[in-house]
Amino acid sequence: MTIVLEAYIREKREKKDILLMTHIVLGYPSMEASMEIVAQMVAAGVDLMELQIPFSEPMADGPVILKANQKALEAGVRVADCFKFAKEATKRFEIPFLFMTYTNILFKYGMEAFAGDMARAGIKGAIVPDLPPEEGDAYLNAMAEQGCHPVYIFSPTTTDERMELLSGKGSGLMYCMARKGVTGKETTFSHDLDTYLDRCKKATDLPLAVGFGVKDKEDVAYLKGKADIAVIGSQTIRIVNEQGIDAVGPFIRNLQ
Amino acid sequence: MDKRGYYGEFGGAFIPEILSATFDDLVAHFNGIKNDPLFWDSYVDLMSTYSCRATPLTYAENLTNHFGGAKIYIKREDLNHTGAHKANNVMGQGLLVKKMGKTRVIAETGAGQHGVATATMAAKFGFDCTIYMGEVDVKRQRPNVFWMEQMGATVIPVTDGTRILKDAINEAFRDWVTNMETTHYVLGTACGPHPFPEMVSYFQSIIGKEARKQILEREGKLPARVYACVGGGSNAMGIFSGFLPDAGVTCVGVEAAGRGLATGEHASRLCTDDASVGVAQGYKTFFLQDDDGQMKETHSIAAGLDYVGVSPILSQLHVEKKARFESATDEEVIAALKLTMQKEGIIPALESAHAFAGAFKEVGNLPPDQCIIINQSGRGDKDIFTVADAFDDPQWKAFIKEKAGDYRA
Ligand SMILES: Cc1ncc(COP(=O)(O)O)c(C=O)c1O
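Going down the list, the sequences are from chains A and B.
Using the working numbering, read the first sequence as starting at 1 and increasing by one per residue.
Using the working numbering, read the second sequence as starting at 1001 and increasing by one per residue.
Just so you know, the hints here were simulated from the structure itself, not pulled from any lab data.
Don't take each hint at face value.
Here are a few chain B residues that face chain A, going by a calculated C-beta distance under 10 Å [claimed, not checked]: (1) I1015; (2) D1160; (3) N1170; (4) N1179; (5) C1271; (6) D1274; (7) G1278; (8) A1280; (9) Q1281; (10) K1284; (11) Q1289; (12) D1292; (13) M1295; (14) V1308.
In this text, a Cβ means the ideal position worked out from N, Cα and C, and glycines have one as well.
Please take these sequences and the hints and turn them into a complete structure.
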């Protein structure tokens, strides 16, 4: 069960130099709009998606995603709505979906209930940036029980030793932060990044997804041969803000 | 891979991966000073020369006579440099920053006292300094914003979320995950990921050590009760730590009841059933949150108590019934402030006035051969605008209008 996501990524990679994973905040600008954005992204060739369940204290997110979280909550989005959305999205679209959210959402829901409902909704795994493995016993057990992937994050400050630990705890893929800081800021794609990605590759056999500051065709091209997946986060939210939902499809198509 | 910093089920370190190494380094340095027999003395020396520790324990004779119960003593953290207990923690962390070789400090602030203390420490030790402060608090604690800026700090108003203390903490973390190589985050209260609750309480324990010695010298016995206001819980942890092992002493934490507990517009996490256990801002404790785990808006007249979470150490003391938690409304706090000024010539901060209000409700019922200590965590000068509004003082309003006229001219 645990190799489902990995197998999917490997298979797709045979046909594509690099896969695309996108990130949206559920309920921003509205639940209907979120579904329309997913539809456009899938039609434009996105390979995986992160669905963020909004949280009032998104500590690891920068201004763009933070505002989207706030707006979604102001509009009344509940966790139950996100599960409903997930069920519908996984039914309608073939690609794998992951949840991204913060610890408290899982904790309040109950780790076992959350993982169970996730699995029933067809969600393949979760990224929870404020839940390090040290605090993750209940989470890891619940995810394993349901055959869902706990996805961990490598950062440029992560030591080789710790990378191995994280790799051992996680499954599905490894999420590599391209730089320090929060989501949504510029990243310089440079030699330092190459050295870091080499370290990541040595530390794990899991497919590598690189995110934080990946925003255009050049960035995606740069990552070819260095990573399996390029993650586009804040940029699609910016596109929606500035050009509307219909600009999402063309934007994604232009990345590849 | 150890679970660290737990107090019963509370505490922990729910930190993003990017800060993992930074926290390892911080924990190592903190353990270093804790185990260094010379460190505490050097800290006390700094606090007794740069500030005026030991702060006095004042016998409040007029208030005692007014209530006709136990003798009332006031621990005078208002006389600490920068006017609050916050400097104890900040100077301690400042010494740690020097050891870690970092050159920049950042901090959140609610009331502005922690921001002022951090700006002061940065000026003295030669660090760059950025302070995050909710937009709502920038408005209600303007005098402190002025002083922070005069001491060379950059004050950044936070316009996201509820625009108060918790939002300032989020912004400080966002800065830290980008700049941790040069920067230390001087968290201002006994909250957040390990080692902050323990570390902040460690530095604040200077209050309790002094108070215990002072009351024994004065009265030859321990107090029946010790009162402290509870925002994040640092001044409470500071004074409680001097008395917790003593079964005869009841530690009473006073939370903000705001417009009344029944209105829901308050910041009382432990003395009500409105809060539940959750994980946010890097630690597990009681939070005022909804069923989904979204944090609620809080209210208190005192910016420093207007916070959704509370120290995990206090949560554990609450669960174990080793400390008692009560609350005081905005209105009760204003009345307590007025009485204290008029009877004793002492101006407590609005935060501290919660401890006074809590004590005033009970002290008349205690026999005169007993004594209590109220921790006056800070002085009230910063609250001049809020208090003048609460008193609806016509002279003050006339003055402000005239001053505004001068600026316009
Ligand atoms: C004077 C004063 N007292 C109390 C507090 C509350 O903090 P804590 O509960 O950490 O002592 C503050 C916080 O800003 C403060 O400025």
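When the hints from earlier in the document are held up against this structure, which numbers fail?
5, 6
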